[in-house]
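Going line by line, the protein sequences match chains A and B. The first sequence maps to residues 293 to 455 in my numbering. The second sequence maps to residues 6 to 101 in my numbering.
No lab work stands behind these hints, which were simulated from the structure alone. Virtual Cβ for every residue (Gly too), placed ideally from N, Cα, C. Any given hint might turn out to be false.
[What the hints assert, rightly or not] For each label pair, taking beta carbons as the anchor points, the in silico distance ranges come out as: (1) B:Asn-64 - A:Leu-375: 16 to 22 Å; (2) B:Ala-95 - A:Thr-449: 36 to 42 Å; (3) B:Lys-38 - A:Ile-368: 22 to 28 Å; (4) B:Ser-46 - A:Val-453: 27 to 33 Å; (5) A:Arg-315 - B:Lys-65: 29 to 35 Å; (6) A:Gly-373 - B:Asn-64: 17 to 23 Å; (7) B:Ser-85 - A:Gly-421: 41 to 47 Å; (8) A:Ser-311 - B:Asp-63: 22 to 28 Å; (9) B:Asp-72 - A:Val-381: 27 to 33 Å; (10) A:Pro-336 - B:Lys-86: 37 to 43 Å; (11) A:Thr-338 - B:Arg-69: 15 to 21 Å.
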Amino acid sequence: MVPNSEPDEDRTTVTKYLSYTYRDKNGNPRVIKLPLAHIYLKSPITDTEAVGLLDTGATKTILPREYANILSLVYIRDEKGNLVESEVVGAGATFICHVANLQRLSLKKKAASFCTLCNILILVPDQEGRIPYVILGRDYVFNRFDVTFHERRQKVTFTKVGK
Amino acid sequence: MRFLLYKPQGYKDSSVAKRSIVGLSEVCSVATKSEFEYIMSLGNKLGEYVDEWIAVADNKIVARGPDAKEVFEKAKQVSSKTPLIMKVPADKVMVL
């Protein structure tokens with residue numbers, strides 16, 4: 293399903309990995325290099341900016357419960373009034389997600405959006421702390437862009453898919 | 006952002022004027038830096054916030070803590086801008 297979207301400005305957009313080092317409790321150096329994208333989230337109640345991991349291994353987009361609570365998202369219910377659930381299976385962990393409607397999700401570079409998705413269905417874990425950041429799966433962003441990871445250069449190229 | 010360099014007649018050394026223009030350009034770029042660009046510019050300093058939720062608004066970290074919603078509410082009190090809320094990732098193996 294191609295979600296409602298707004299026109300994009302550029303055909304190709306390049307973003308950088310988030311990268312930093314720190315020392316853990318034992319004083320050992322730790323290195324973080326993650327393809328995190330700058331995103332904007334909006335609900336009818338409020339809005340916030342966040343970071344999302346571009347994850348080719350995820351079939352769906354998942355929003356941490358913490359963001360859903362900030363945005364006061366409303367969860368989808370079935371005809372009996374029960375929350376619609378989806379089981380998410382990862383390596384070594386399985387957890388339940390609920391389905392919510394997100395009014396707007398935009399990918400940003402600098403101050404401008406280069407991809408905007410409107411009224412999309414996303415998964416939200418049933419508990420906080422399940423995932424540390426938004427998981428941008430293959431259901432939306434990867435359908436609109438060819439996404440190339442330049443691991444050594446720590447960059448990601450989004451190339452808009454022609455219609 | 007581009008600036009035209011105006012060199013008045015008789016003004017031989019334009020290096021001072023150039024420096025001023027570069028300075029102005031830097032000021033403008035800082036002013037228009039997005040919250041995420043600010044996060045990216047922190048480099049290893051971001052490591053001080055590992056495993057914590059932080060809120061960035063107006064090019065500074067305006068709130069931090071273990072509770073995302075509290076951090077968001079605090080940021081909204083401090084700034085009228087939409088804050089960037091994120092949990093600073095620790096070095097954990099993530100396989101989803």
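Checked hints:
1. For the pair B:Asn-64 and A:Leu-375, the beta carbons lie near 39 Å from each other, so the given range of 16 to 22 Å is not met.
2. Between B:Ala-95 and A:Thr-449 the beta carbons are some 27 Å apart, a value that contradicts the proposed interval 36 to 42 Å.
3. About 37 Å separates the C-beta atoms of B:Lys-38 and A:Ile-368, a value inconsistent with the hinted range of 22 to 28 Å.
4. Hint check: B:Ser-46 to A:Val-453, Cβ distance near 31 Å, so the stated range 27 to 33 Å holds.
5. Between A:Arg-315 and B:Lys-65, the C-beta spacing of about 24 Å breaks the proposed range 29 to 35 Å.
6. Range check, A:Gly-373 to B:Asn-64: about 46 Å between beta-carbon atoms, so the 17 to 23 Å window is missed.
7. Look at B:Ser-85 against A:Gly-421: about 30 Å separates their beta carbons, and that is not inside 41 to 47 Å.
8. Roughly 24 Å separates the CB atoms of A:Ser-311 and B:Asp-63, a value that falls within the hinted 22 to 28 Å.
9. Restraint check, B:Asp-72 to A:Val-381: a C-beta distance of roughly 28 Å satisfies the suggested window 27 to 33 Å.
10. For the hinted restraint 37 to 43 Å between A:Pro-336 and B:Lys-86, the CB-CB distance of approximately 20 Å leaves it violated.
11. A:Thr-338 and B:Arg-69 have their C-beta atoms about 20 Å apart, which keeps the hinted 15 to 21 Å range intact.
Of the numbered hints stated above, those contradicted by the structure are hints 1, 2, 3, 5, 6, 7 and 10, listed in ascending order.
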